[in-house]
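Trainee: Next come the chains, spelled out residue by residue.
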Amino acid sequence: MATEVLLAKTITICKDCPIKTLSEGIETAAEYDTLRVKKGTYKEYNILVDKPLTIIGENFPVIDGEDKGEIIRIVSDQVTLDGLFLINVGTSYTTDYAAIRVVKSEYFDIRNIVLEKLFFGIYLEKSNNGRVYHNKIIGDAVDEYNSGNGIQLWYCKNVVVERNIIQHVRDGIYLEFSDNISIKDNTSTDNLRYGLHFMFSNDDIYTNNTFENNGAGVAVMFSKRIKMLGNTFRKNWGTAAFGMLLKEINDAEIIGNTFEENTIGINIEGSNRIMYKNNSFIQNGWAIKILGACYTNTFTLNNFLYNSFDISYNSKLNDNVFNKNYWSSYTGYDLDKNGMGDVPYRPVKLFSYIVNKTPETIVLLRSLFMDVIDFSEKVSPVFTPDNLLDSSPLMKQIP
Amino acid sequence: MIIVDNLYKKFGKNEVLSALNLKIEEPGIFAILGPNGSGKTTLIKSILGMVVPNNGHITLKGIPIKNNWKYRQEIDYLPQIANFPGNLKVKELIRMIKDLRDMPADEERLIALFKLEPFLNKKLSTLSGGTKQKVNLVLTFMFDSPLLILDEPTTGLDPASLIHLKEWVNQEKAKGKTILITSHIMQFVSEIADEIVYLLEGKIYFKGTKEALMTRTNQKNLEHAIAAIATTPANV
Amino acid sequence: MFKILKYSFYDLIRSRWSYVYFLFYLVLGFVLLFLNNDVSKAVITLMNIIIVLVPLIGTIFGVMYYYNSKEFTELLLAQPVKRSSIFLGQYLGVAGSLTLSLVLGLGIPFVLYGLLRSSAIFDFSLLLVTGAFLTLIFTALSFNIALSNENKIKGFGYAVLLWLFLAVVYDGIFLMSLILFKEYPLDNFSLIVTMFNPIDLSRTLILLKLDISALLGYTGAVFKQFFGTSQGFIISLLMLILWTVVPIWRMLYISKKKDF
Numbered sequence: 396m397a398t399e400v401l402l403a404k405t406i407t408i409c410k411d412c413p414i415k416t417l418s419e420g421i422e423t424a425a426e427y428d429t430l431r432v433k434k435g436t437y438k439e440y441n442i443l444v445d446k447p448l449t450i451i452g453e454n455f456p457v458i459d460g461e462d463k464g465e466i467i468r469i470v471s472d473q474v475t476l477d478g479l480f481l482i483n484v485g486t487s488y489t490t491d492y493a494a495i496r497v498v499k500s501e502y503f504d505i506r507n508i509v510l511e512k513l514f515f516g517i518y519l520e521k522s523n524n525g526r527v528y529h530n531k532i533i534g535d536a537v538d539e540y541n542s543g544n545g546i547q548l549w550y551c552k553n554v555v556v557e558r559n560i561i562q563h564v565r566d567g568i569y570l571e572f573s574d575n576i577s578i579k580d581n582t583s584t585d586n587l588r589y590g591l592h593f594m595f596s597n598d599d600i601y602t603n604n605t606f607e608n609n610g611a612g613v614a615v616m617f618s619k620r621i622k623m624l625g626n627t628f629r630k631n632w633g634t635a636a637f638g639m640l641l642k643e644i645n646d647a648e649i650i651g652n653t654f655e656e657n658t659i660g661i662n663i664e665g666s667n668r669i670m671y672k673n674n675s676f677i678q679n680g681w682a683i684k685i686l687g688a689c690y691t692n693t694f695t696l697n698n699f700l701y702n703s704f705d706i707s708y709n710s711k712l713n714d715n716v717f718n719k720n721y722w723s724s725y726t727g728y729d730l731d732k733n734g735m736g737d738v739p740y741r742p743v744k745l746f747s748y749i750v751n752k753t754p755e756t757i758v759l760l761r762s763l764f765m766d767v768i769d770f771s772e773k774v775s776p777v778f779t780p781d782n783l784l785d786s787s788p789l790m791k792q793i794p
Numbered sequence: 500m501i502i503v504d505n506l507y508k509k510f511g512k513n514e515v516l517s518a519l520n521l522k523i524e525e526p527g528i529f530a531i532l533g534p535n536g537s538g539k540t541t542l543i544k545s546i547l548g549m550v551v552p553n554n555g556h557i558t559l560k561g562i563p564i565k566n567n568w569k570y571r572q573e574i575d576y577l578p579q580i581a582n583f584p585g586n587l588k589v590k591e592l593i594r595m596i597k598d599l600r601d602m603p604a605d606e607e608r609l610i611a612l613f614k615l616e617p618f619l620n621k622k623l624s625t626l627s628g629g630t631k632q633k634v635n636l637v638l639t640f641m642f643d644s645p646l647l648i649l650d651e652p653t654t655g656l657d658p659a660s661l662i663h664l665k666e667w668v669n670q671e672k673a674k675g676k677t678i679l680i681t682s683h684i685m686q687f688v689s690e691i692a693d694e695i696v697y698l699l700e701g702k703i704y705f706k707g708t709k710e711a712l713m714t715r716t717n718q719k720n721l722e723h724a725i726a727a728i729a730t731t732p733a734n735v
Numbered sequence: 003m004f005k006i007l008k009y010s011f012y013d014l015i016r017s018r019w020s021y022v023y024f025l026f027y028l029v030l031g032f033v034l035l036f037l038n039n040d041v042s043k044a045v046i047t048l049m050n051i052i053i054v055l056v057p058l059i060g061t062i063f064g065v066m067y068y069y070n071s072k073e074f075t076e077l078l079l080a081q082p083v084k085r086s087s088i089f090l091g092q093y094l095g096v097a098g099s100l101t102l103s104l105v106l107g108l109g110i111p112f113v114l115y116g117l118l119r120s121s122a123i124f125d126f127s128l129l130l131v132t133g134a135f136l137t138l139i140f141t142a143l144s145f146n147i148a149l150s151n152e153n154k155i156k157g158f159g160y161a162v163l164l165w166l167f168l169a170v171v172y173d174g175i176f177l178m179s180l181i182l183f184k185e186y187p188l189d190n191f192s193l194i195v196t197m198f199n200p201i202d203l204s205r206t207l208i209l210l211k212l213d214i215s216a217l218l219g220y221t222g223a224v225f226k227q228f229f230g231t232s233q234g235f236i237i238s239l240l241m242l243i244l245w246t247v248v249p250i251w252r253m254l255y256i257s258k259k260k261d262f
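Residue numbers (the numbering used here), protein chains in the order written: chain A, 396 to 794; chain B, 500 to 735; chain C, 3 to 262.
Among the clues, some could well be false.
Claimed, not checked - The calculated BS3-like cross-link candidates involving lysine-lysine, where the alpha carbons are at most 30 Å apart (straight line), are:
1. C:Lys211 <-> C:Lys184
2. C:Lys211 <-> B:Lys622
3. B:Lys560 <-> C:Lys258
Said to hold, decoys possible - Partner residues aside, some chain C positions facing chain B, computed with beta carbon under 10 Å:
4. Tyr12
5. Ser71
6. Leu77
7. Leu78
8. Lys154
9. Lys259
For the record, the hints were derived by calculation from the structure and aren't laboratory data. Think of the CB as a built atom: it goes at the ideal place given N, C-alpha and C, for glycine as much as any other residue.
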């Protein structure tokens, strides 16, 4: 292998060079060669990378697929793509054309790629141990049915998706049956459906990503042992919009995230044994909405700041623990000066129960009448779970 | 000066003025008298525009007063019960009324006449009833309007002030003004009035000089004449 | 009119009650900001107070001023001054001094706190504007009540009832009817019902700022149009203006017909 690398040569591709197209270059190249693509526009599609190669664009050469189909397909291990500008991926209702598709390959590195006018962006299929780093994917999706996802992982393992910017596609990042994936420092905004979408994927971790103004926020479904750390979910507004949707998620850790100005901060359905810690919920319509059976979840050391509703519950049963959170609407006192209020806080208001039943009543939010009946419910809970309370609410916001 | 033509006023079911006609052309002092509830105050307030009549017309110097307010520049009115905004000082009240009317005023002489100097910097709420009435008189007399309407001007006045009041009223009359007065003090009326206007059940029952009234009722003094008038048949 | 306004205003800003009202807001502002140290929380607490207290004070002050200055009014009526000027002047005097107490009382602590540089300035200005509107509306309503009732006790009673009705009972009935008729499409209904209560209207205006995330969670297209665009803000503001103008107009109309 060492000798092969030493023998590797560099092939230059440009309009006036002997080798004028990328496909030609790949054909002539030997394994582990480097292809340098000079600035210019190359009208090519269905480019097949079938040997370990490093393809580097200089000053972002444009590969124009002319809407004819897939642009680059990688079917070999150890392929690096760097610095290309790919546009005009073909749209089809039967085939998921992607700008870059990696099939059953390992040790790939896709970096510094710019994608525009795409259908699917970077599509990883049964490929492991690779990296998708610092790419920029700008779609122009209008309808869900004829648009694709920015970065899609299907049956992949040990892939790092880092520092990508994804906008205006269907789902920013989509994972299905993919385990041990690390998603870090990405910015996924203005997408039609989800900023990030997990299905049947376990042991993944996502950190420090920003998800903003996506059609429905972020959805994490049917997955186990997911870690979500330090992400920001902002301004996901609308009827079925959430900062994050959790559905059938078990044993996850949700720590240090910020949920700001979403219609619903976290919408939780049938999820168990999740630790919610050090998150901040700021000015959401509902900070947390819990539907269906959710057991043994723990909410501790979170900040609940100026949400219209802190917690909404649709059943009278509660098996979740709320302890030592800061609630901005807490009005109790701390006589023993231990930093925790002496009176428990009840985060579920009767009014949120009423709004669940009759949504139009939302126009009565913050009415004096509502305060009066909320108060009476607080004194003797009839409609809301009476054991749902934070018995040690913090007096000071957690920094 | 004033023509009241066919005036009607009802308060609820209670008809206070019914088809009242009154013409006061010449200058002089006219005492408007009548039993309680005969409509004296209502008539005065109608002339002032404070009460809106149900029917009929009032003209002042030939100008209808309906929907008009400028004509009140021609009237100085002394209200019956003088209750002023309590946290104003006497001085401020006088200044304010002057400011509102925006006319030349002669308050200095009146203040001296009624000896109000020590009260000028006092709040109105601290004054006695008599002192308030003096302030009231100052406010009324300090302007020089052709028509004066005085509603019970003698209320609460000490004898010296009463004398000053009479002098002042006569002095105004000498200027050729028309002065309407209501009073329950018959001695005051007989001393000062030129003509008596007697109201009964919302109508003018009698209008004429004091002498005419006494002749008609065969009484020698005005007080008895007034008491007797209601029992004497009209238009005899 | 400006002369009357001037005297009513001077009279009022020298009265003890205006100071109490002003000091109340001043203390409230300082406590909320400097003890809690949290602008967003202060704005929410203030909103609750403004929506309940401002109408109450407006009504009570209005009725009280009217009855207390009755003799003074009669004195003015005999002067060469237009009737409408007298009442408009007095009304603006009361409403103006109350608004001034509110704006200065809350404004001073907020400015000292450095709000002008904070992003909460818009929320806060909106609060003050709604507070001013509520003062204007409820003072006008109270003048209407006082003009129609010679009896002071009755007038006070009606004024307090009016406040209680609009601040609490109305929303109770509103909620019951929404729950009762929940099978039917209710978004138009609920928006229209909101328009008929100035307190609800002001609340809606503030909700548009503070709780827009929650408001957009509702499915109805009418709500979406109303809350999601500037339409809601504009309509609410126009309705508030209407709510101010109509009672003032009616006050002048009654006063023209009234006997004193």
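Trainee: Confirm or reject each hint.
Mentor: Hints versus structure:
no.: 1; hint: C:Lys211 <-> C:Lys184; result: holds (27 Å)
no.: 2; hint: C:Lys211 <-> B:Lys622; result: violated (48 Å)
no.: 3; hint: B:Lys560 <-> C:Lys258; result: holds (23 Å)
no.: 4; hint: Tyr12; result: holds (9 Å)
no.: 5; hint: Ser71; result: holds (6 Å)
no.: 6; hint: Leu77; result: holds (6 Å)
no.: 7; hint: Leu78; result: holds (7 Å)
no.: 8; hint: Lys154; result: violated (14 Å)
no.: 9; hint: Lys259; result: holds (6 Å)
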